[in-house]
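Next come the chains, spelled out residue by residue.
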Amino acid sequence: MKYIDEFRDGEVAARIAARIRAEAQPSRSYNLMEFCGGHTHAIARYGIAGLLPDNVRMIHGPGCPVCVLPIGRIDNAIALALEHRAIVCTYADTMRVPASGGLSLMKAKARGGDIRMIYSAADALAIAQANPGRDVVFFAIGFETTTPPTAIVIRRAQALGLTNFSVFCNHVLTPAAITHILESPEVRDLGVVPLDGFIGPAHVSTVIGSQPYEYFAEEYQRPVVIAGFEPLDVMQAILMLVRQLNTGRAEVENEFTRAVTRDGNPKAKALVAEVFELRRSFEWRGLGEVPYSALRIREGWAAFDAERRYDITTRTVADNKACECGAILRGVKHPVDCKLFGTVCTPENPMGSCMVSSEGACAAHYSYGRFKDIAVRAA
Amino acid sequence: MNRMIEPLDPPTATAAGKPAKARGTYVRPVDFKHGRVDMTHGSGGRAMAQLIEELFARAFANEWLAQGNDNAAFDVPAGRLVMATDSHVVSPLEFPGGDIGCLAVHGTINDVAMAGAQPLYLSAGFILEEGYELAALKRIVESMAAAARDAGVPIVTGDTKVVEQGKGDGVFITTTGIGIVPPGVNISGDRARPGDAILVSGTLGDHGVAIMSLRENLTFETTIRSDTAALHGLVAAMVAAVPDIHCLRDPTRGGLATTLNEIARQSQVGMLLREAAIPVRSEVAAACEFLGLDPLYVANEGKLVAICAPQDAERLLAAMRAHPLGAEAAIIGSVQDDAHAFVQMDTSFGGRRVVDWLTGEQLPRIC
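So the protein lines, in turn, are chains X and F. Take the first sequence: its letter number 238 is residue 237 in numbering that gives the first Met the number 0, and every next letter is one higher. Take the second sequence: its letter number 94 is residue 93 in numbering that gives the first Met the number 0, and every next letter is one higher.
Do not rely on the hints blindly, as some may be mistaken.
Cut-off 27 Å, straight-line C-alpha distance, at most; resulting in silico cross-link-like pairs (DSS-like, lysine-lysine) [unchecked claim]:
no.	chain 1	residue 1	chain 2	residue 2
1	X	K106	X	K320
2	X	K108	F	K166
3	X	K106	F	K166
Don't read these hints as lab results, they were simulated from the structure.
Let the hints inform the model, and build the full structure from the sequences given.
Listed below in structure tokens is the structure:
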């Protein structure tokens, strides 16, 4: 595959790995957080951790939209399907996230809820057009990457004069989450969580640009390297972070220059600003309430806002007491530190959200990396 | 398909004892051009008998069906019999490279063949949905008949039922097959041993991608066709070259990854694959790339995985490559001693990872 194989070349990977090994100073450690689930997935799928020296450690961040969706919001979506009898359209991973009462969207579907798996926001709009007699709700989740398409379907629904379509908005913002992690007591005051630098988001940054990260680099003195989702992008970004840390720099560097500029995509940003506004606060699964970390639909588009239309209120629902997703999402714990990991919590029967999506830290480790926990003898 | 060739309208005798004229025996043929399945086609009455006679019996024509019994009676050679059954609910019913009809024949033949057996006979059960076009049903049945003929495995008995509109999805087909294992052949999923070689017969993921390209909310253009094929000829050639093949399995739903995990668990061994050695068409790799799928988990309908002792591997590979259905066969890895029964892979990128069981449902109704 042209333009893809070039970024998965094993020989180049070996050369970068050799450079990282040569330049990483044995006397110190490098604790790097990849914020995005896309990076987590690439690291797991291509076995990148195995190419790094022991003192370069990757910490999986909270950038998996399914993982940070609070239980209460999924309960809301289930109620839309089972109580309001609306057609609820959702991305696939969301279907399996455990909600209250042993339910999930998948189980609600088996109980008669009309819940449909879609690949894009436009599919939800098409379903609304095809079912004029039914209420159709798009369960919108995701970071800055998936927000502009949601804005487009809302505008399109208005242009088409659709009265049966609305959006249950759960779009969240990356910079607010990074600030929250850096402000957490474990990182800022206690220093028990070493966090030396960040691999910055790929697709999110194509929209918001590299400029928003300059604040973290400056204020918290942590280097940020924005990287693409291909494995060589990740390797190169790790090398760039090692070099910044070795020379005491804390800058925003852009490895993903083929797609990311400093200012991002002004058209997409304008679209989002037209349809959405900041929420004062929003609950993240694992992180709790995070101020100014999410978007809601503006008053002018209220007709398409499921929260207003169905008068939705969200209850805060606690995770299973033994579930460590919160600590794992903040980088405080590893998946294997959780008592539930691989025992009662598996990808087939996820207890916590990190085990649901293949971008989640626990699912990625379970599916791709758990052999490292147990030595395997060669034949 | 009971009493398949029973006369529909037996000539009635006149008072004079002479046979009646043709008038009473004329039955208007089934309208395969514009007709649709209705509830009478499953009622056990004349309409059903007529559909069976004009469609199924005519297409599958063989001596066992011609006997017109509710069952098929036949002699079998001495030896170990193998039996397998498979239900088919694929959507859409017709897809690039095949349809539910030939798939139903190939699927069961392959399940029988994976014991190293020569498939002998098939049965077929149809569940039809009221309203389904008879023209489409005819295409599917004829494709099924052609597949059985090409494979040399007759469909000797069957059954037809009709469900109300909305209770089915056109056609569901269940086939059962029996076959016979040659003496000295003992192929089973629990026979993989550390050191054994793992082979696949060709490119992976073709069937799944061909189906996906037609799904309503996914439609994309591709030249990929389903690989649906009967593999018993390939298996016979393989068994002739290496009688002591340890394991054979066709990686259908869940793809190669799922099949290898099943065998690893049955045999209580680990496996180590080399990603670079696993054959995947570039079109399939590209489709999987933009759908966010992994070709190792995508269904195949004309491929097999074989596991044999390391010293037999090259001979088995040569036998596979000499057969048209194994031309792109490859040795993709080896069996390891591992009590945790992990399937692992050295990635082309240079790392190593687990190739785990499929979680959830990658794509429903793929076969």
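(request) Please flag the earlier hints that this structure goes against, numbers listed from lowest up. (result) none
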